[in-house]
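The task is to assemble the complex, starting from two chains supplied on their own in separate frames and drawing on the hints.
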Amino acid sequence: MATVAERAKDLVKVDRRDGKLALAHIYVAFIALAIGGLCGLLQTLVRSGTFTLPWGIGYYQILTVHGVLLGLVLTTYFIFGFQIAAVSRTSGTLTDKQRMLGWVGFWVMTIGTIASATMVLLNQASVLYTFYAPLQAHWIFYAGLALVIVGSWIGGAGQIGKYIEWRKANPGQSSPLLTFMVVVNLSMWIVCSLGVAVEVLFQLLPWSLGWVDKVDVLLSRTLFWYFGHPLVYFWLLPAYMVWYVVIPKVIGGKIFSDALARLSFMLFLLFSIPVGFHHQLVEPGISSFWKFLQVVLTLMVVIPSLLTAFSMFATFEIRGRALGGKGILGWFKKLPWGDARFLVPFIGMAAFIPAGAGGIINASHQMNQLVHNTIWVTGHFHLTVATTVVLTFFGAAYWLIPHLTGRVLTKQMNKLAIIQAIVWAFGMSIMSGAMHIVGLFGAPRRSDFSTYGGSAQAAEWIPYQIAQAVGGTILFIGIVLVLYIVANLLWFAPKGETEFPVGEISENAEKTPMALENWKIWLTICIALILFAYTVPVIDMIQNAPPGSKGFKLW
Amino acid sequence: MSKKREKEPDLKGTLYSVGVLGAFIIITWFMAFYLFIDRF
Ligand code: HEM
Ligand SMILES: [Cu+2]
Chain A
14 MATVAERAKD LVKVDRRDGK LALAHIYVAF IALAIGGLCG LLQTLVRSGT
64 FTLPWGIGYY QILTVHGVLL GLVLTTYFIF GFQIAAVSRT SGTLTDKQRM
114 LGWVGFWVMT IGTIASATMV LLNQASVLYT FYAPLQAHWI FYAGLALVIV
164 GSWIGGAGQI GKYIEWRKAN PGQSSPLLTF MVVVNLSMWI VCSLGVAVEV
214 LFQLLPWSLG WVDKVDVLLS RTLFWYFGHP LVYFWLLPAY MVWYVVIPKV
264 IGGKIFSDAL ARLSFMLFLL FSIPVGFHHQ LVEPGISSFW KFLQVVLTLM
314 VVIPSLLTAF SMFATFEIRG RALGGKGILG WFKKLPWGDA RFLVPFIGMA
364 AFIPAGAGGI INASHQMNQL VHNTIWVTGH FHLTVATTVV LTFFGAAYWL
414 IPHLTGRVLT KQMNKLAIIQ AIVWAFGMSI MSGAMHIVGL FGAPRRSDFS
464 TYGGSAQAAE WIPYQIAQAV GGTILFIGIV LVLYIVANLL WFAPKGETEF
514 PVGEISENAE KTPMALENWK IWLTICIALI LFAYTVPVID MIQNAPPGSK
564 GFKLW
Chain B
3 MSKKREKEPD LKGTLYSVGV LGAFIIITWF MAFYLFIDRF
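Chains as they are written, first to last, in my numbering: chain A, 14 to 568; chain B, 3 to 42.
Chain B with its partners taken away, still in its complex shape (with noise of 0.2 Å):
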C-alpha cells in the first residue's frame, strides 16, 4: 500500500457536471408537468 491519500483529488468538474444533469432532469420534468396539468 502507498502513502494513503496524499492530496484528495480535484472534483469541482464533476461536482458541475452532476448539477447540470440534476438540472437537466427538474427542467424536462417540469416542462411535461406544464403539459400535464394544460391537458388535464
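So that you can see chain A by itself, here it is in the shape it has in the complex (with noise of 0.2 Å):
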C-alpha cells in the first residue's frame, strides 16, 4: 500500500530551471537523431548497389556523420539530459552553480561539437567516428573533439556537485539509488576519457597542426580504446538506470534489490575500463599474454550482466504473481504490455539477449578473427546501442519530455510509441540479421559499394545488402515516428502532469551496505585494475615504438 508520504514523493518534479538545461541537452540529441538516421539509410541504400550519392558526397563523409552524430552526440546529450533530470528528482533542486556548471558544460560541449561537425561536413574530417591514425582530419575537428569532453566534464562536476553536497548533508545514510548510479557513470567517464584526451591533445592536434609530421599509430588506437570501451558501457548504463529504478516502478511493483543494483554499477565500473585489448586482438604490438589479461577482465562483465538480467526477471516475475499470474510463467502475461514506457524498454532488454551473447563471441580473443572488421560487427553493435539503448532512451522519453515540459503522453502517442518500436525492432530484426550473417562470410564493414573487380565471393555478399536497406529504410520510418512524438511531447500534447517514475526498493531487500559506497576503495580497486592491466604494455609499447606514421588523406 502506498502511504501517504510515498505519494507525496512519487508527485517530486524537477526544478523548471534544472527541466531546461536538461531539456536543451534532449533538443541536441534529437536533432543528431534526425539527420544521422538519414545518413544511415543513406548508408544501406549505397551499398545495396542500387544507389549513387548526389554532389560528389563521400560515403565515408556520411558515414563519419552517421558514426559521430549518433554513436557519439546523441548518446552523450541525451545521456546527460536524463542524468541532470534524474539528479535533481531524487537528491533535489540543483544549486545555481551547479547548474551554471551545467550550462556552461552544455555549450562547451554544443561549440566543439559545431566546429567538429562542419569540418566534416566540409569534407575535411572523413575519418569516422573512431579518428584512427593515420587517417588525418583538419585540426579544428580534434579540436572540437577535445571541447566536447572537457565540456562534459565540467557539466559532469555539476552533477556529481549535487551527490557531495546531499552526502555531507545526511551523513551515514546511503545516497538515492538513481544519484549514485548518475555518479557512477560519471566517474567511468572522467577516468576513460582522460585517454581520448591524451591521444588528442598530445598526439592528434599537434601532429594535424602539422607542429610534428609523424604519430605513433599504435599508441593513439590503444589511447582510444582505452576510452571506447568504457564509452559503450556509458551508454548502456543509463539504460541500467532505467531498468533498475524507473521500470519496477512503472509496472507497479518495487526494486528487487537496492545493494545489489549498486553492486552491479560497481562491477561495471571495475571491469569496463582495463579491458580495452579487445578492440585491438589482431593487432601487432601487444604481447598475447596482455591480450588475454584483458580478455579475461571482459569476461567478468557477464557477472553483472547476469546480475541484471536475474533482478530484472526477478522484479517482473515478483509483480506478475501479485497480479496474479500462476505457474512457471504467467505471471508474464500479466505485466502492462499497452504502456510504452515499459514495452519499449522491454524490447530493448530482449535485444540485450543476442547483443551480449554476440558481444561474448567478439571478445573471445583468437575468435575474434571470426568476426574482426567484418559487418557482423556492425550488426552486433545496432543491437546493442542501437536498438538496447536508444529504445530504452526513447521509452524514457515518453516520460521524461512531458514531465519537462508539463505535459501528458495522450493515449494515441502511447499507441503510436508502442507501433514505433515495433518497427524499430522488426526493421532491425532484418538489417542487424543480415549483417551478422554476411559478416560471417566475410563481408567487411566501413565500406562503399564495390564488386570487388567481379569477385564471386563479394557478389554472393549484394542480396545481403540489399536486406540491409530493407531493413533499414523500415528504421528510417521509425525514426520519422519517434521523431514526431517527441515534437507532440515537446510542443503539441496537452498540457498536464506527467510523474518521473522513480521505484520503492522492496521490503524484503536486504539493507544495503555502506562499503557499496566507499568511494575511496572502489576507485582505488578501479585505478589498480587499469595500472595493472596497461601498465607494462603501454611502457613495451613506447620503448619498442613502431616507427611514426605521416598523415593521409584518402577522401
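All the pointers check out, no bait thrown in.
Computed list of lysine-lysine pairs in PhoX-like fashion (alpha-carbon distance at most 25 Å, straight line):
| id | chain 1 | residue 1 | chain 2 | residue 2 |
| --- | --- | --- | --- | --- |
| 1 | A | K267 | B | K14 |
| 2 | A | K267 | A | K347 |
| 3 | A | K339 | A | K262 |
| 4 | A | K26 | A | K267 |
| 5 | B | K14 | A | K339 |
| 6 | B | K14 | A | K524 |
| 7 | B | K14 | A | K262 |
| 8 | B | K14 | A | K346 |
| 9 | A | K33 | A | K508 |
| 10 | A | K347 | A | K428 |
| 11 | A | K33 | A | K110 |
| 12 | A | K181 | A | K524 |
| 13 | A | K262 | A | K347 |
| 14 | A | K347 | B | K14 |
| 15 | A | K181 | A | K26 |
| 16 | A | K262 | A | K524 |
| 17 | A | K424 | A | K346 |
| 18 | A | K346 | A | K428 |
Non-contacting residues of chain A with respect to chain B, defined by C-beta distances greater than 12 Å in every case (computed):
| id | residue |
| --- | --- |
| 19 | R29 |
| 20 | K33 |
| 21 | Y72 |
| 22 | Y145 |
| 23 | L148 |
| 24 | V163 |
| 25 | A170 |
| 26 | V204 |
| 27 | N427 |
| 28 | V436 |
| 29 | A472 |
| 30 | Y497 |
| 31 | P514 |
| 32 | L542 |
Footprint (simulated), chain B over chain A, 3 or more residues, beta carbon under 8 Å:
| id | region |
| --- | --- |
| 33 | 314-325 |
| 34 | 366-372 |
| 35 | 375-383 |
By construction, these hints were calculated from the structure, which means they are not laboratory data. By construction, the Cβ of each residue, glycine as well, lies at the ideal position given by its N, Cα and C atoms.
What follows is the structure, encoded as C-alpha cells:
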C-alpha cells in the first residue's frame, strides 16, 4: 500500500530551471538523431548497389556523420539530459552553481560539436567516428572533440557536486539510488576520457597542425580503446538506470534489491576500463599475454550483466505474481504490455540477449578473427547501442519530456510509441540479422559499394546488402515516428502533470551495506586494475615504438 | 518497517529464464567456436 508520504514522493517534480538544462541536451540529441538517421538510410541504399550519392558527397563522409552524430552526440547529450533530471529529481534541485556548471558544460560541448561537425560537412574530416590515425583530419575537428570532452567534465562536475552536497547533508545514509548510479557512470566517463584527451591533445592535434609530422599509430589506438570500451558502457549504464529504478515503478512493482543494483554498477565501473585490448586483438605490437589478461577482465562483465538480467526477471515475476500470474511463466502475461514506458525499453532488453551473446563471441580472443572488421560487428552494435540503448532512451523520453514540458503522453501517442518500437525491432532484425550473417561470410564493414573487381565471393554478399537496405528503410520510418512523438511532447501535447517514475526498494530487500558507497575502496581497485592491465604493455609500446606515420587523407 | 519476510517470493520463473538465457549464450558461443575451428 502506498502511504501518503510515498504518494507525495511520486509527485516530486524536477525544478523548471533544471528541466530547461536537461531539455537543452535532449533537443540536441534528437536533432542528431534526425540527421544521423538520414545518413544511415543513405548508407544502406548505397551499399545495396542501387543508389549513388549526389553532389559529389562521399560515402565515408556520411558514414562519419552517422557515427559521430549517433554514436557520440545523440548518446552523450541524451545521457546528460537524463542524468541532470535524474539527479535533480532524486537529490533535490541543483544549486545555482551546479546548474551554471551544467550550462557552461553544455555550451562548451556544443561549440565543440559544431566545430567538428562543420569540418566533417566540409569534407575535411572523413575519418569516421573512431578518428584512427594515420587518417588525418583538419585540426579543428580534433579541437572540437577536445572541447566536447572538456565540456562533459564541466557538466559532469555539476552533477557530481549535487551528490557530494547530498552526502554531506545526510551523513551515514545511503544516497538516492539513481543519483548514485549517475555518479558511477560519470566516474567511469572521467577516468576513461582522460585517455582520449591525451590522444587528442598530445598526438593528434600537434600532428594535424603540422608541429610534428609523424604519429605513433599503435599508441593512439591503444589510448582510443582505453576510452572506447568504457564509452559503450557509458551508453549502457543510463539504460540500466531506467531498468533498475524506473521500470519497477512503471509496472507497479518494487526494486528487487538496492544493494544488488549498486554492486552491479560498481562491478561495471571496475570491469569496463582495463579491457580496451579486446578491440585490438588482431593488432601487432601487443603481446598475447596482455591481450589474454584483458580478455579475462572483459568477460568478468558477464557477472554484473547476469545480475542485472536476474534482477529484472525477478522484478517482473514478483509483480506478475502479485497480479495473479500462476505457474512457471504465467506472471509474464500480466505485465503492462500496453504501456509504452514499459514495452519500449522491454524490447530493448530483449535485444540485449543476442547482443550480449554476440559480444562474448567478439571478445573471445582468437575467435575475434572470425568477425574482426566484418559487418557482423556493425550488426552487433546496432543491437546494443542502436536498439537496447536507444529504445530504452525513447521509452524514457516518453515520460521525461512531458514531465519537463508540463504535458502528457496521450493515448494515441502511447499507441504510436508502441508501433514505433515494433517497427524498430522489425527493421533492425532484418538489417542487423543480415549484417551478422554476411559478416560471417567475410563482408567488410566501413566500405562503400564495390564488386571487388567482379569477385564471386563479393557477389554473394549483395543479396544481404539489399536486405540491409530493406531493414534500413523500415528503421528510417521508425526514426520519423519517434521524431513525430518527440515533437508532439515538446510542443503540442495537452498540458498536464506527468510523473517521473522512481521505484521504491522492496521491503524484502536486505539493507544496503555502506561499503558500496565507499569511493576510496572502489576507485582504488578501479585504478589498480587499470595500472595492472596497461602499465607493462604501454611501456613496451613506447620503448619499442613502431616507426611513426605521416598523415593520410584518403577522401 | 513491516514484519520482515513473511514469505520468500516465488522466483521459479526467474530461475528458468536466467537458465535459458545462459544456455542461449553458451549455444551461440559454441556455434561460433565450431565455425572458428573449421576455418582457422
Ligand atoms: C535508420 C537507422 C539506422 C540505419 C539504417 C543504420 C545503418 C548503418 C549502416 C549501414 C552502418 C555501417 C556502414 C558501414 O560500415 O559501411 C552503420 C554504422 C554505424 N551506425 Fe548505424 N544505422 C542506424 C541507426 C543507428 C543508431 C540509432 C546508432 C547509434 C545510436 C547508430 C550507430 C552507428 C555507428 C556508431 C556506426 C559505425 C560507423 C563506423 O563504422 O564508422 N546507427 N549504420
Ligand atoms: Cu569493447
